[in-house]
Amino acid sequence: AQKVTQAQTEISVVEKEDVTLDCVYETRDTTYYLFWYKQPPSGELVFLIRRNSFDEQNEISGRYSWNFQKSTSSFNFTITASQVVDSAVYFCALSEAPGYSTLTFGKGTMLLVSP
Amino acid sequence: SQTIHQWPATLVQPVGSPLSLECTVEGTSNPNLYWYRQAAGRGLQLLFYSIGIDQISSEVPQNLSASRPQDRQFILSSKKLLLSDSGFYLCAWSVLGTGKAFFGQGTRLTVV
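Protein chains in written order, with the working numbering: chain L, 714 to 828; chain V, 201 to 312.
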């Protein structure tokens, strides 16, 4: 069975601080996808990134970066120089690959960025 | 471009009443379709997924059912709502094998 753990329930930072959201996963699949989604107050889930299990290269997109470490089954997400607009709930998720693209989500981390 | 529509946005229903939530996708053919539920303080839980018309897989036994009468239409139903059915319901679509899902804006259901 698949499992995703986001141990941080809520994080509060002040604008311009860097913040890292942790994600640990469990799966028996040898190939899988990992995701991060953002859920702003409006409720809609916004796709941020997908990683393949065989690609451990870290990725940077603007102020966002992701650190995938297969050895520790972790897929952490860092926001550099956080902004108020980054305030949201962030979900880490896992799906088998290939497959029916069904996602197993963590419980989410609420990030609060204050001015 | 592909879009996903989900309605209504908000719904308040009494216990024991029926439910019908609708989701439609535009701009793509034969999508995989999903219903997820987000209970208060919890992550998202997969309820149903469908890989084709009238092909529904249920992940969690419960008071709900799903149907896919057309290629790009996915409906979540209940004959009699329970208090525990309250939550935020999200419809999503994806292309088979890509893993990447696109979500609708959600329906906030409150059963009173």
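Keep in mind that the hints were calculated from the coordinates and are not lab data.
Each hint should be verified, as a subset may be incorrect.
Calculated lysine-lysine pairs in the BS3-like style (CA-CA distance at most 25 Å, straight line) [what the hints assert, rightly or not]:
(1) L:LYS729 / L:LYS751
(2) L:LYS751 / L:LYS783
(3) L:LYS716 / L:LYS751
(4) L:LYS783 / V:LYS280
(5) V:LYS279 / L:LYS820
(6) L:LYS751 / L:LYS820
(7) V:LYS300 / L:LYS716
(8) L:LYS783 / L:LYS716
(9) L:LYS783 / L:LYS820
(10) V:LYS300 / L:LYS751
(11) L:LYS820 / L:LYS716
Sample of chain L residues lacking proximity to chain V, with all beta carbon distances greater than 10 Å (derived) [stated by the list, open to error]:
(12) ARG741
(13) GLU757
(14) GLN770
(15) PHE781
(16) LEU816
(17) THR817
Since the model is a prediction, treat every value here as computed from it, not as a measurement.
Positions of the beta carbon are idealized from the N, C-alpha and C atoms, including for glycine.
Hints, verified against the model:
With a CA separation close to 19 Å, the supplied pair LYS729 (chain L) and LYS751 (chain L) stays within the 25 Å bound. Under the criterion of a C-alpha separation no larger than 25 Å, the hint pairing LYS751 (chain L) with LYS783 (chain L) is consistent with the structure, at around 23 Å. Between LYS716 (chain L) and LYS751 (chain L) the alpha-carbon distance is near 19 Å, which keeps this suggested pair within the 25 Å criterion. Between LYS783 (chain L) and LYS280 (chain V), the direct Cα distance comes to roughly 45 Å. Violation of the 25 Å bound is thereby established for this hinted pair.
Among the hinted pairs, LYS279 (chain V) with LYS820 (chain L) is inconsistent with the structure: their alpha-carbon atoms are about 29 Å apart, more than 25 Å. Proposed proximity of LYS751 (chain L) and LYS820 (chain L) is supported: the alpha carbons are some 12 Å apart, at most 25 Å. With a CA separation close to 18 Å, the supplied pair LYS300 (chain V) and LYS716 (chain L) stays within the 25 Å bound. For the proposed pair LYS783 (chain L) and LYS716 (chain L), the alpha carbon gap of about 15 Å is at most 25 Å, so the pair holds.
Between LYS783 (chain L) and LYS820 (chain L), the direct Cα distance comes to roughly 21 Å. Compliance with the 25 Å bound is thereby established for this hinted pair. Taking the CA atoms of LYS300 (chain V) and LYS751 (chain L), the gap is near 14 Å; set against the 25 Å cutoff, the hint holds. Using a Cα cut-off of 25 Å, the hinted pair LYS820 (chain L) and LYS716 (chain L) holds, with the two alpha carbons roughly 10 Å apart. No beta-carbon of chain V is positioned within 10 Å of the beta-carbon of ARG741 (chain L); the least distance is around 17 Å.
For GLU757 (chain L), the shortest C-beta to C-beta distance to chain V comes to about 5 Å, within the 10 Å cut-off, and the non-interface label is violated. Distance to chain V confirms GLN770 (chain L) as a non-interface residue, since its nearest Cβ pair spans about 18 Å, more than 10 Å. The non-interface label for PHE781 (chain L) is consistent with chain V: the shortest C-beta to C-beta separation is roughly 15 Å, beyond 10 Å. Under the 10 Å C-beta cut-off, the non-interface status given to LEU816 (chain L) relative to chain V is violated; the minimum distance is some 6 Å.
For THR817 (chain L), the shortest C-beta to C-beta distance to chain V comes to about 8 Å, within the 10 Å cut-off, and the non-interface label is violated.
Going down the numbered hints, you'll see the structure goes against 4, 5, 13, 16, 17, while the others check out.
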